[in-house]
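Chemist: Sequence:
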Amino acid sequence: MEKLQECVNKIQSNLDEMKKLLEPQKKEGDLDIIKSVKELILDENYYFIPEYQRGYKWDENNINALLNDIAEFLEYKNNDKKFYCMQPIIVLEDGDKWRVLDGQQRLTTFYILCKYLKLDIKSSIEYKTREKSKNFLEEIEERAQSNDEKCIDFYFMKNAYNVIKEWFKKRIDAKEKIKKLLQANKQDEKYMGCIWYKIENESSTEEDVFSRVNSGKIPLTNAELIKARILNIKNFENGAKATQAEIANEWDNIEYSLQNEEFFGFLVQNGKKYTNKIELLFEIYYEISNDDKSKKIKADIQKGEHTIFEFINKKLDENENIDFWKEIKSIYLTLKSWFNEPELYNLIGFILNVGIEEISKIYEKSKCENTTKTEFKAFCKERIKEKILNLEDNKKDVEKIIDELNYENKKLETQNILLLFNIIAYKDAKQKFSFVRYKNEKWSLEHIHSQHDNPAETIKDEKQRQQFVEDAKKSLGDKANDIEDYKAEDENDEKFNEIVKKISEISSDNEVALHGIGNLALLSCGDNASLSNNIFSVKRKRIKELDEKGHFIPMCTKNTFMKYYSGDIKDTIRWTSEDSQDYKNRIIESIKEFFDGEEK
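For any residue, its number in our numbering is found by taking its place in the sequence shown, counting from 1, and adding 4.
A portion of the hints provided could be inaccurate.
[To be verified] With a straight-line Cα cutoff of 16 angstroms, these simulated EDC-like cross-link-like pairs (lysine to aspartate or glutamate) come out:
1. Lys181 / Glu193
2. Lys596 / Glu390
3. Lys434 / Glu345
4. Lys136 / Glu146
5. Lys162 / Glu145
6. Lys596 / Glu345
7. Lys434 / Glu347
What the hints contain is simulated information worked out from the structure, not anything from laboratory work.
Can you make the complete structure from the sequences, with help from the hints?
Modeler: Okay, here's the thing in structure tokens:
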């Protein structure tokens, strides 16, 4: 039975956005446009129904359900623009024809409806194994009164025409309104349309595509299918408290809110992309409501299967209401509350970003009966402690664990600790760490004091040598008065080596543990590369410049290069062993206080 797929506030004004959201779907083709009935039937198109498809089979119930849905849509009182969206029409371009792989029942029905309403039809539908059906359709106004039923298609087509005729006898007032609706363009206040799905992938036969789409695997997103299903008018006939308009409006508001990059960015794990952001809420609902947590089901979700839609669809069929929508709203409001409170935002964002726990597990814990906010925060910290510090057995203390971190064989662990150090700093400052910006970059560990103490061994290009010397002399100020200039045309290894040696004597501290955490800071790979193998004072200057240009420099990285963590700043141009130790001590103290300190 044809169902009302969407009746959504502001859908017309958001059509361009919908088109943009649909375009990335590339599994079997390109969902690239929504076509109105006018474009489908009244404008010139040549449709071809392949031989493997069954004949036209819509009966009286199908036709009446469709017309009743259209009438209800027209009577829907709202000033916002909206449209009636049928299920997808799936086609393959074949010269000047469109081979219809799915949707021929809908196309034929609307062709007959337009014929009854005496609209100017420029399209035609040809059936491969039922060639005479094309002529029968074109002459249906006359043929519907005959007893010519040599073909089963004729019977159902004639019956559809007569059912339409009888329906309009009872609803005379609807005739002109429906005529206007069918002739409407997408710019009009109301119109009818469908998702026009054009198959582009030639690696599959059209029979294979037909088989897949008819087994419920149309590559639409779960959210698109769920929206069509829950906004079906039939769901509102069994005492559901919420109205269709309310849910449509709530859906749009939630989706709009989730489009906030900072909000949605801190929630998403594993770099997953969402065409419709609201789908994340249904994933959480599925995880907390479904008893079958098998790996196969999770794998299906990751592959893009419609497991979640089928789960929701079954619930609707069983309960015959949309009460589950309350839980979807509850999930959204909980996520929003996390986002609005900096401490929870930073804690949960870190957990999700590092992959400590799935978002559904965190949500379940937050909603556990009698769990206070303080207890929930303690739970988050404990999960971080177990994963990041690996302290389940409590055999090691924080200081020893951090002291053992290094660039050479514990890169990931070191990066996670430095990220946590930043998260704690943002939390203490009651600010939000930008997880979306963090996720949009590739991150690395930057050596504060260059790991290559002799740039002469790594810098071979003459222009780069010249730039290195210029930057170093400028950053060292008066201490570089005795250092010669170096010109690219010199091409003199001995001279460059001698200049580098003098720079190193002024700027280097050989006591710094190069690969320990006290000499490492978090920086994006791009910004890291721009710092190159320069001396500390040059790197410090570049960090300031990058920050001024709006690059995302984490708070603790900036603080480190500005020597905020150094106790007694006697030397501003070098990163000394004392600076390194002070910095490491600050990391240890912050993390200890984070885990052991009382909840504020």
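Chemist: Indicate, hint by hint, whether the structure satisfies it.
Modeler: Okay, the hints, checked on the actual structure:
1. Lys181 / Glu193: 12 angstroms, holds
2. Lys596 / Glu390: With a Cα-Cα distance of about 14 angstroms, the restraint between Lys596 and Glu390 holds, given a limit of 16 angstroms.
3. Lys434 / Glu345: Given that 16 angstroms is the threshold and the Cα spacing comes to 9 angstroms, the pair holds.
4. Lys136 / Glu146: 15 angstroms, holds
5. Lys162 / Glu145: 9 angstroms, holds
6. Lys596 / Glu345: Outside the cut-off at roughly 23 angstroms; violated.
7. Lys434 / Glu347: Holds, because 7 angstroms separates the two Cα atoms, which is no more than 16 angstroms.
In terms of the numbered hints stated before, the structure departs from hint 6 and from no other.
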